[in-house]
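Please model the entire structure based on the sequences and the hints provided.
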Amino acid sequence: MKKLMEISLGVVTSVGGFLEVGSMATAAQAGAMFGFQLIWAVVLGTICIIFLVEMSGRFAAVSHHTISDGIRERFGFNVFLWPLLAALLVNFLVLSAEIGGVAIALEFATGIGFQWWALPVALLAWLLLWKGTFGFIEKGVSILGLVTLCFVVGAVMLRPDWTAVARSALPSMPVHDVANYWFMAVSILGASISPYLFMFYSSGAIEDRWDKSYLGANRAIAGLGMTFGGTISIGVLIVAALVLATHGVTQVDDYHQLPLMLIPIFGFWGFVLFVASLAIACFGAALEVGLQQAYLVAQGFGWNWGEDRKPRDDPGFSATYTISLVLAAIPIALGLDPLRITIFSMALTAASLPLTVVPFLFLLNDKRYVGEHRNGILSNAAVIFIIALGFVLAVVTIPLQIFGGT
Amino acid sequence: MKLLRDLLDKQVVDREQVKIGKVDGLVAELRSGKPPRIIAIELGSITLARRLGARPGRWMARLAVKLGGRQHGEPHRIAWHKVKDIGIDLEFDIDVRETSIFAWQDWLRDHVIGRIPGA
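Protein chains in written order, with the numbering used here: chain A, 1 to 406; chain B, 1 to 119.
Quick caveat, the hints were computed from the structure, so don't treat them as lab data. Backbone N, C-alpha and C fix where the C-beta goes; we use that ideal spot for every residue, glycine too. Wrong hints could be hidden among the right ones.
As the list claims (entries may be wrong) - Below, computed lysine-lysine pairings styled on BS3-like, alpha-carbon distance capped at 27 Å:
hint	chain 1	residue 1	chain 2	residue 2
1	B	K10	A	K310
2	B	K66	B	K2
3	A	K212	B	K84
4	A	K367	B	K84
5	A	K139	A	K3
6	B	K34	B	K2
7	A	K367	A	K131
8	A	K2	A	K212
9	B	K2	A	K367
10	A	K139	A	K212
11	B	K84	B	K34
12	A	K139	A	K367
13	B	K10	A	K212
14	A	K367	B	K10
15	B	K82	B	K34
16	A	K212	A	K367
17	B	K84	B	K2
18	B	K84	B	K10
Stated by the list, open to error - Okay, the calculated bits of chain B under chain A, using three or more residues with CB under 8 Å as the criterion:
hint	segment
19	5-12
20	17-23
21	44-52
22	112-119
As structure tokens, this is what we get:
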């Protein structure tokens, strides 16, 4: 019974991690421009992240190392430096995008320009990290995050052509805007397969003191949680395809177009639900990414870390998330368009994947870390596929950014 | 045991289980006719910078002296005979508070973090 509770909590938590400004914005853009056609990218991204999350949880539960610990120890400092720098940069942009997402939601709610909200949002996130515990943040984010289910409800109420939805789960060639189509596909994959998500998950497993008895729970949480998150993303895409496109919005290049999505379904409450979903999903992700920056640095250099400690007991750790939040708020406070930062950071995430995913192939097959719980053929095939996909994404991202970026 | 594979970059904890850093470097003694022997581990930014090359090492040492004074111009060393346990972490029978390894974290706590309410 206790395990069942933990699994359900874990499932709900992973939704909090999965659904953030990136997946919402890319799904909405894709839906408006290409209808259901890009659902396959969400499905593919979700399958990839299920494998990576399961592996990082298994690695932490069996070896009692986080993924960052493992990379540093197995490959040495000189190799570790590259994924460290790449992840810090990508996380910085993602954190900025998340703060921007909350700021935009607050602009919708109050009419005060988003750039004025950047610092207050960062301050509130900092306050929660400063005073809160890991469990508090985990549970708070997840329970409030359930509001994003309104997209799934909305999608069902719109009565989409379900056979067309199902058909779009397989890739098909675009008939118009070819470069844009592939750029959207890359951004969706970047939004789904976020390094911060699987690295954070392994730190969480250590914070929650997982051991081998959690392997079953880990599998359930990874599978169900990410599927749940992916379903909500598909919900966003379906709603965007049916509402935005029919209202003449085929290109989402301004975030002011977004709240329109739920209004035809829920009326005024649709506006409220959209604003709440955006604010909560992005705020939860901002907490996780901010914390992940501190985990990454503290674990990489071997300092004390842990969200349940008092800041004065791990000054290096708490200084890192403080600085990360302040830095990430600056681009938004300067008025840079959050939607552009979001799309750019998702494409960059995709390009950085090889650096963070290649180590999985070694760590999860190393008996000294995972013993008999090594990867099977299926998991290894999945990692190799993700690495190959990552390399392709890394090569195509920049040209697509130039020709297809909005 | 393979030294580089099994020791380098491992987590180091003191006897109170405080995480004090990673094994950033190993100090070995060369003995004629016998295999070399590990006499100490090194921790800290100077050792890490040296791993990237001689020049970054010199830069980091100069920076450390500038920020922390003469006593920070050399990497921190812990004698190998203090090792207590080799498991997931490498435990040494020392108390980090009696070393200068955490000097910068102490400074950070006393001058910045500790002054913010709620710390």
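A quick look at each hint next to the structure:
1. K10/B / K310/A: holds, 25 Å
2. K66/B / K2/B: violated, 37 Å
3. K212/A / K84/B: holds, 26 Å
4. K367/A / K84/B: With a Cα-Cα distance of about 24 Å, the restraint between K367/A and K84/B holds, given a limit of 27 Å.
5. K139/A / K3/A: holds, 16 Å
6. K34/B / K2/B: holds, 17 Å
7. K367/A / K131/A: Violated, at roughly 39 Å.
8. K2/A / K212/A: holds, 16 Å
9. K2/B / K367/A: It holds: about 15 Å lies between the C-alpha atoms, which stays within 27 Å.
10. K139/A / K212/A: Holds: K139/A and K212/A sit about 23 Å apart, inside 27 Å.
11. K84/B / K34/B: holds, 25 Å
12. K139/A / K367/A: Roughly 34 Å separates the two Cα atoms, so the pair is violated.
13. K10/B / K212/A: Holds. K10/B to K212/A sits at ~22 Å (cutoff 27 Å).
14. K367/A / K10/B: holds, 17 Å
15. K82/B / K34/B: holds, 22 Å
16. K212/A / K367/A: holds, 15 Å
17. K84/B / K2/B: holds, 18 Å
18. K84/B / K10/B: Judged against 27 Å, a Cα distance of about 14 Å means the pair holds.
19. 5-12: holds (count 5)
20. 17-23: holds (count 5)
21. 44-52: Result for this restraint: holds, n = 3.
22. 112-119: holds (count 6)
Of the hints listed earlier, those the structure fails to meet are numbers 2, 7, 12, in rising order.
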